[in-house]
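Colleague: Sequence:
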Amino acid sequence: ELKYGTIPELEKRLKAAQDKLQSKDGTVMLREEVTAEEIAEAVSRWAGIPVTKLLEGEREKLLHLPDVLHRRVVGQEQALSIEEPVRGEDVKLTIDADLQLIAEQELAAAIDTCHAAGGAVLIVDPRPGDILAAADSPVLVQRSDAKGPEAWDNFVFTGAYEPGSVFKIFT
Numbered sequence: 002e003l004k005y006g007t008i009p010e011l012e013k014r015l016k017a018a019q020d021k022l023q024s025k026d027g028t029v030m031l032r033e034e035v036t037a038e039e040i041a042e043a044v045s046r047w048a049g050i051p052v053t054k055l056l057e058g059e060r061e062k063l064l065h066l067p068d069v070l071h072r073r074v075v076g077q078e079q080a081l082s083i084e085e086p087v088r089g090e091d092v093k094l095t096i097d098a099d100l101q102l103i104a105e106q107e108l109a110a111a112i113d114t115c116h117a118a119g120g121a122v123l124i125v126d127p128r129p130g131d132i133l134a135a136a137d138s139p140v141l142v143q144r145s146d147a148k149g150p151e152a153w154d155n156f157v158f159t160g161a162y163e164p165g166s167v168f169k170i171f172t
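Position one of the sequence shown corresponds to residue 2 (my numbering), numbered consecutively onward.
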C-alpha cells in the first residue's frame with residue numbers, strides 16, 4: 002500500500018505544489034535556504050541602508066575611504082592628503098621587568114603604610130630618557146570633568162609632577 006499507493010500520491014502532490022510555487026519566469030519563489038543578497042536586501046529595507054553598503058567588504062571600504070572623506074570634509078584638502086608612510090625608527094620597549102615588579106610592590110607598600118588614596122612611581126634612565134618602570138595605583142582614575150574613554154587617566158603619564166619631586170635625584 003505505501004510503496005504503490007501512498008508514497009506515489011504524496012510525491013505527485015509535492016511535485017504539483019513545487020510547480021505551483023514556481024513563477025512564470027522559472028525562478029523558484031520559495032526555497033529552504035536564503036542567500037546573503039536576500040538578507041542584505043531585507044536588512045536594507047528595514048534599516049534604510051543601501052544594499053551596496055551592506056555587501057561592501059572591509060577592503061572595498063578602505064579603498065573608497067579617501068573619496069568618502071573628500072565628499073564629507075569640505076575645504077580641508079591638506080588635512081585629507083594621504084601620503085606614503087616614511088620609514089622611521091623601531092619602537093622599543095624599555096620597561097625592565099625586575100624594576101617594574103619592585104616599583105609595583107614598593108608603591109603598594111607605601112600606599113598601605115601612609116594610608117594614601119593612591120600614588121605613582123616612574124623610573125627613568127635620564128640619559129636616553131628610557132622609561133624603565135611605571136606604576137600607579139589606582140591604575141585608572143576617573144576624571145569628573147569628562148565622559149567616555151577620555152574620562153579615565155593613567156596618572157603616571159598624564160599627571161603633573163612638582164619640580165621638587167622630579168629633581169630630588171639631582172639635589
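Just so you know, not all the hints are guaranteed correct.
[As the list claims (entries may be wrong)] Keeping only pairs whose Cα atoms sit at most 20 Å apart, straight-line, the calculated DMTMM-like set for lysine to aspartate or glutamate is: (1) K93 - D131; (2) K93 - E78; (3) K93 - D126; (4) K21 - E42; (5) K21 - E38; (6) K16 - E34; (7) K62 - E38; (8) K62 - E34; (9) K62 - E42.
[Claimed, not checked] Have a look at the derived ranges for each label pair, beta carbon to beta carbon: (10) E107 - R60: 44 to 54 Å; (11) E38 - R60: 32 to 42 Å; (12) G130 - E84: 27 to 37 Å.
Quick caveat, the hints were computed from the structure, so don't treat them as lab data.
Cβ coordinates follow ideal geometry from the N, Cα and C atoms, glycine included.
Colleague: None of the hints should be skipped; say for each whether it holds.
Modeller: Hints and how they fare:
1. K93 - D131: 10 Å, holds
2. K93 - E78: 34 Å, violated
3. K93 - D126: With a Cα-Cα distance of about 14 Å, the restraint between K93 and D126 holds, given a limit of 20 Å.
4. K21 - E42: 25 Å, violated
5. K21 - E38: Distance of about 24 Å is beyond 20 Å: violated.
6. K16 - E34: 19 Å, holds
7. K62 - E38: Cα-Cα ~18 Å, so holds.
8. K62 - E34: At roughly 28 Å apart (the allowed maximum being 20 Å), E34 and K62 break the hint.
9. K62 - E42: 19 Å, holds
10. E107 - R60: 44 to 54 Å: 50 Å, holds
11. E38 - R60: 32 to 42 Å: 19 Å, violated
12. G130 - E84: 27 to 37 Å: 28 Å, holds
Of the numbered hints given earlier, the model fails hints 2, 4, 5, 8 and 11; all others are met.
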